[in-house]
Amino acid sequence: MGDEAVPFDDRGLAYGDGLFETVLVRDGQPVLWQAHMARLARGADRLGLPMPAAETLNALPGRAEGGLQVLKLLVTRGSGGRGYAVPDTPRPRLRWRFSPFAPMPRRWREGVHVRLCHLRLGHQPLLAGIKHLNRLENVLARREWQAPEIAEGLLRDQQDRLVEATSMNLVWRRHGRLETPCLTACGVEGTLLSTLREHLPIHACDAGIDALIEAEAAWVLNSVQGAWPLARLDDAQGGCLKRWSMGTEHRQLQRHAQALLGYPASALGEA
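Read in order, the letters of the sequence shown correspond to residues 1 to 271 in the numbering used here.
The set of hints was computed from the structure by calculation and includes no laboratory data.
Hints are not guaranteed to be accurate.
[What the hints assert, rightly or not] Computed Cβ-Cβ distance ranges for the label pairs, DEER-style: (1) Pro7 <-> Ala236: 39 to 47 Å; (2) Ala59 <-> Gln158: 39 to 47 Å; (3) Gln158 <-> His199: 15 to 23 Å; (4) Gln158 <-> Gln237: 26 to 34 Å; (5) Gly67 <-> Asn134: 31 to 39 Å; (6) Ala53 <-> Gly28: 14 to 22 Å; (7) Glu249 <-> Val139: 29 to 37 Å; (8) Gly176 <-> Ala59: 43 to 51 Å.
Here a beta-carbon is modelled for each residue, glycine too, at the ideal position from N, C-alpha and C.
Can you make the complete structure from the sequences, with help from the hints?
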């Protein structure tokens, strides 16, 4: 298995018919593993895919070399079927690869510059929340900027409601209340976000860009990079909509995120 080539007729290659997970592995120990496996199982149920054997999946992180690695898992429906019709008895194909990883502490400390994307996400509740292989919307959104100072792009839906960043979730604090976009129609439910919601009162809501402009603090986050506070938000044309100064209101959520991922609190610049 591993990262060997897939055949031309693999349905993941042809149709995006499959799922993936990206897992932080620290000295052979996977971080938020149960949350990743739970999301993979939800995705398999939605797509009607048999899950790979648990013992096969659970053995993979131990193959990593020491230090920080990122394990990317791909599960496709395999080959077979005629056109879009799925095979009567799918034989899923599992592939994986490890890559060395180094986080970006400066972004934790100083915050990041983000922008709104022109692209609007379409609604498909059946696919909302899971990490399926068809990520063309995210690819097109990421093509909208090349400037290295822009760390992420924020995505909205057809009704201009905030959804997520191109590869991260979005959380903000407004009037003392932690909020995150509702992901029932589109977007990916990140494992760091879902785990943080077990520890902090983060409320899902439908909100537009005004919510971010009113926010005392905001973050983009995922289970590999951790939580980056927003320092500046631009519109899709590059005009500045909001600036934040890093302060104590940015650190509470970050401290929880750091602890969940095993990153030191000292990297936030705190004593």
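Each hint, compared with the structure:
no. : hint                          : result
1   : Pro7 <-> Ala236: 39 to 47 Å   : 40 Å, holds
2   : Ala59 <-> Gln158: 39 to 47 Å  : 43 Å, holds
3   : Gln158 <-> His199: 15 to 23 Å : 33 Å, violated
4   : Gln158 <-> Gln237: 26 to 34 Å : 20 Å, violated
5   : Gly67 <-> Asn134: 31 to 39 Å  : 32 Å, holds
6   : Ala53 <-> Gly28: 14 to 22 Å   : 20 Å, holds
7   : Glu249 <-> Val139: 29 to 37 Å : 34 Å, holds
8   : Gly176 <-> Ala59: 43 to 51 Å  : 45 Å, holds
When held up to the earlier numbered hints, the structure conflicts with 3 and 4 and fits the remainder.
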